Structure formats: C-alpha cells, structure tokens
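Position chain R relative to chain G; hints supplied.
What follows is each chain in one-letter form.
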Amino acid sequence: EPEVTQTPSHQVTQMGQEVILRCVPISNHLYFYWYRQILGQKVEFLVSFYNNEISEKSEIFDDQFSVERPDGSNFTLKIRSTKLEDSAMYFCASSEEQEKETQYFGPGTRLLVL
Amino acid sequence: AQSVSQHNHHVILSEAASLELGCNYSYGGTVNLFWYVQYPGQHLQLLLKYFSGDPLVKGIKGFEAEFIKSKFSFNLRKPSVQWSDTAEYFCAVNARAAGNKLTFGGGTRVLVKP
Numbered sequence: 001e002p003e004v005t006q007t008p009s010h011q012v013t014q015m016g017q018e019v020i021l022r023c024v025p026i027s028n029h030l031y032f033y034w035y036r037q038i039l040g041q042k043v044e045f046l047v048s049f050y051n052n053e054i055s056e057k058s059e060i061f062d063d064q065f066s067v068e069r070p071d072g073s074n075f076t077l078k079i080r081s082t083k084l085e086d087s088a089m090y091f092c093a094s095s096e097e098q099e100k101e102t103q104y105f106g107p108g109t110r111l112l113v114l
Numbered sequence: 115a116q117s118v119s120q121h122n123h124h125v126i127l128s129e130a131a132s133l134e135l136g137c138n139y140s141y142g143g144t145v146n147l148f149w150y151v152q153y154p155g156q157h158l159q160l161l162l163k164y165f166s167g168d169p170l171v172k173g174i175k176g177f178e179a180e181f182i183k184s185k186f187s188f189n190l191r192k193p194s195v196q197w198s199d200t201a202e203y204f205c206a207v208n209a210r211a212a213g214n215k216l217t218f219g220g221g222t223r224v225l226v227k228p
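Just so you know, the sequences run in chain order G and R.
This note's numbering numbers the first residue of the first sequence as 1 and each following residue consecutively.
This note's numbering numbers the first residue of the second sequence as 115 and each following residue consecutively.
Computed cross-link-like contacts, DSS-like style, restricted to lysine-lysine with a CA-CA straight-line distance of at most 27 Å:
1. Lys172/R with Lys100/G
2. Lys163/R with Lys175/R
3. Lys100/G with Lys175/R
4. Lys163/R with Lys57/G
5. Lys183/R with Lys172/R
6. Lys227/R with Lys175/R
7. Lys42/G with Lys227/R
8. Lys227/R with Lys172/R
9. Lys163/R with Lys183/R
10. Lys175/R with Lys185/R
11. Lys42/G with Lys83/G
12. Lys163/R with Lys42/G
13. Lys183/R with Lys42/G
14. Lys192/R with Lys175/R
15. Lys163/R with Lys100/G
16. Lys78/G with Lys42/G
17. Lys42/G with Lys172/R
18. Lys57/G with Lys78/G
19. Lys172/R with Lys185/R
20. Lys42/G with Lys175/R
21. Lys183/R with Lys100/G
22. Lys172/R with Lys192/R
23. Lys42/G with Lys185/R
24. Lys227/R with Lys192/R
25. Lys163/R with Lys192/R
26. Lys57/G with Lys83/G
27. Lys78/G with Lys100/G
28. Lys42/G with Lys100/G
29. Lys163/R with Lys185/R
30. Lys100/G with Lys57/G
31. Lys57/G with Lys42/G
32. Lys192/R with Lys42/G
Derived, one-sided and incomplete: chain G residues facing chain R with beta-carbon distance under 8 Å:
33. Val43
34. Ser55
35. Gly108
In case anyone wonders, no lab produced these hints; they're calculated from the structure.
Bear in mind the structure is a predicted one, so any value in this text is a computation, not a measurement.
Just so you know, even glycine gets a beta-carbon here, dropped at the ideal spot from N, CA and C.
The shape of chain G in the complex, shown without the other chains (with noise of 0.2 Å):
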C-alpha cells in the first residue's frame, strides 16, 4: 500500500538556523499538507498546497515558513530561522483529487530546536 514518507525522522538544530523538512507524497496524490504537533498539545493544521501555490495557511504559517514542490516527487517545508517554540512534531499528509477530504499522513519529523 502507498504511503506517505518523511525525512529525516529527527532532526536537531540551533535556534536560529534553517531547516528543510522532506516529504514525498502518495505518487498520484494532489493535495498536500503540513501539520505539527507541540509535546503535549493537539495537531494543528499549517498549510495546504495545491496546484504549486498555497491554497491555505494558520496564523502559524507565518514569514518564517514556506514550503515548495521543487520537483514531481517531494514536497518541502522550509522552517527560514528556527525559534525554541518550532521544537515540534511535524507530520506530512497528501489526498487525492477525487477524495481530497481524506488525507494520508507520514511518519512525522521530530524537530528540536535548541
């Protein structure tokens, strides 16, 4: 069965620093999301991304964030200057065109900020 897949699994960096977490969706999936998970705190949705723009973001998605579809296969998240409270969970989900409501999620990237 097709899966959502995320690279790397942990990741540790300097406050300050950029970080670039990976995704490669379901191949015939159109519809991509991020979310993330603080220790202890619920999911929260950050942004969706369809036909290579934006189609919605949080108040959490703000300057610091971007993401990109730099080729067929991956989908990125670009955290630009990583603050202590970026220290998260963050997990990857596609869906489909026919069914965009269903959403498929990766194994997450766990990101520590120190």
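What follows is chain R alone, placed relative to chain G:
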C-alpha cells in the same frame, strides 16, 4: 472556527472489554468526520470516516463510529478490544466550508492490558 474535544486523555482496559471513545465538535455547518489511530512508533492511520449517509460507519479492525448530529458527536466504539489496539486515537473534523484542513482533538491514549 471549529474545535474538537475528546473526553478522555487516557483509557486503560483489559482484553475483550468494550471500548468507547468520545468526540465532540463545535461547528454549525456541514462536516466530515474522521478517526485516526497512531500505534506506538507508527504514523497516523485512518480508522474510519463519515461524509454522509448512514450515521453508523464501520472502519478497519472492527471499529465503528456513530455520528449524532444533534449532539455534535462522533464516538468511536469497539465491542471487544485486543492488546494490539493499544494506541493513541485522534478524532478530526473537516468543516466543508473551510477548505480541506483537519481540526484534531487532543487524542486519547488507550492501553489494553493482556
């Protein structure tokens, strides 16, 4: 904005016991409803979903959920749990008028004792 609450943070039960996890949402419009499960060390997996039609939906691994519109609830049930059902369970809601984003509940950790 929609919100989702799950009544129990932790549930401990023995094998063969029945399980019911509560989920309530607040949103006045039409919604799609989901239950996801996260087994230890694994990614979020879709258990079941409700879009329309029969309010009693059946999912994988013997789980079912009932949508009660008047109560804004979507409770998850399983008549007889197994040790392998030990996991964290997340209720999520998509408000159809608000794009594809999912709003998650806080999750319920279920421990099934053998």
